[in-house]
Amino acid sequence: MAKTMQGDSPGLGAKLAQLNDTVQGSQAWSSIFRPGSIFRKGYSDSPRNRSYVIMNSVLYHLHPVKVKRHAVKVSYTLCLGGLSFFLFILLTVTGIFLMFFYRPTATQAWDDIYTLQTAVTFGLLVRNMHRWAAHLMVISVFLHMARVFYHGAYKAPREFNWVIGVILLTLTLLLSFTGYLLPWDQLALWAVTVGTNMIGYTPVFGSQVRFVLLGGAEIGTDTLLRWYVLHVLFFPFVIVIFMAIHFWRVRKDGGISGPL
Amino acid sequence: MTEIPEHLLKRAQAAKDKAAAKAAEGADAPEAAAPAGEAGDSRIPASLLERSKAAKARKAGGAAASADAPAPGGGVATAAGAAPAVASAGPPLAAGPGGHTQRLLTVVKSGSIQDVKAKPQDKVHVWPHLLVLEFVAALFVLAFTTIFSIFVNAPLLELANVNKTPNPSKAPWYFLGLQELLQMMHPMVAGVTIPGMGIFLLILAPYVDRNPSNKPEDRKFAISLMTVHLMFWSVLVMIGSFFRGRGFNFALPWRDGIYFDL
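Chains R and P supply the protein sequences, listed in that same order. Note that the first sequence ends on residue 260 in our numbering; no numbers are left out. Note that the second sequence ends on residue 1262 in our numbering; no numbers are left out.
I should point out that these hints are in silico values taken from the structure, not numbers from a laboratory. Each residue gets a CB set at the ideal place from its N, CA and C atoms; glycine is no exception. Hints are supplied without guarantee of correctness; some may be wrong.
[What the hints assert, rightly or not] With a cut-off of at most 27 Å between alpha-carbon atoms, the simulated BS3-like pairs for lysine-lysine come out as follows:
#1 R/Lys155 with R/Lys73
#2 P/Lys1123 with R/Lys155
#3 P/Lys1119 with R/Lys252
#4 R/Lys252 with R/Lys155
[To be verified] According to the in silico footprint, chain P covers these stretches of chain R (three or more CB under 8 Å from chain P):
#5 202-216
#6 238-250
[To be verified] Beyond 10 Å from chain R on every Cβ pair, some chain P residues (computed):
#7 Glu1006
#8 Arg1011
#9 Ala1012
#10 Ala1015
#11 Ser1052
#12 Ala1057
#13 Arg1103
#14 Lys1164
#15 Met1197
#16 Phe1221
#17 Arg1255
Taking the hints into account, I'd like the entire structure generated from these sequences.
So, in structure tokens, the structure goes:
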């Protein structure tokens, strides 16, 4: 940009270039970006700089500098694992927005959702996105599991990461199911009634588990508060821990499984 | 005894015929064939052969002219230079047949003495190859979700009412397979035992499946088993979602309407 402006008015261009140098030479700037970061020394396409992009950014926690060539083929992974993670992030962002307008009590919950949809800017859109992204995430996690199975990617040394993956699938279903109650409409109430009645049939401690989950014998305002806390704090907290272990193991077990 | 495939027999016959033809040709013109074969078979370029022949001739001439003079070339050549000097009196005692002063003891493959653990792999940089792909995929899903959300609203039915049971009452779609099973079996079996066993077996899969191969052709049983289960599950979810109407009785969606909310 500085270059094109130089043609029109050299004074301004030079000033901008000088400003750029001042900012990038400042202590604040160099404290933010690590030595070798492309934001310190600029980026020109070279193998070394391609490595630096990963090595000197927080992405290094997620990705190695290089991956096997077949690992970047879309037809192999269909991006399903990464998209599940992206949907989780999208759900977190939209979910935080929804939390600003929602009170988990039987008298206020439905009204809050209705107000959100009718009186809050983008309220309806964000609620829709949260709902559809949630269904998409269930589908993508499920398809990811099927993909991994069909590629035999659960075999040694990746057995334990498969176990973590099954736990993540279960947690995804639980997150979706706990969120299902929160709008407190007829659909939510009776879908959850059907679901929790099944839990009640667990042998030995079924009715106790159901009682603890519902906060009583029937679904009511206590259930709403419990499921709200489970949905916005407990399960996200647990699933983030398991996701961290999952991603870490993907790399430690040698990246994604080899070509067939 | 196994039968030899016809095409292999044909190939063998063709090779025999070719060899016979060559032998006949060689018998006709042995002198012409020999040098041609030598030049054709040798992997050493003709120019190098010429050079070494010339050097040998020069050396032999040099040795005859001045028997004690050191061979020209110095350094490396001095050891070799001694040989022709002695050669006039016959091969040295340590030399093998053909005048070689060294011989091949054995061939050791590199793998048996050096254990190379890291095999070189074909790799690409994560930036830009993987990151660009992930970014595009994420952007695509974000765009899809946004556009879909603009046009399709999430359901919000009337306020929850404990005293008014909707007909039919359905669980969320991913549990509709279980609800479908609930119609046929005791709730403890359909609602607890079967899903519990399902998750447990999924967790056990890598420990039960001892087959180390990940090639589809080696895993026909595992793949069939998984496919049957996935199909069974999807069909149950489909039936529960679209083919169950009032009283959770069987209904045809095109005749009785769809009783399904996401």
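Open item on the list: Tell me the hint numbers this structure goes against, listed in increasing order.
Closed with: 6, 14
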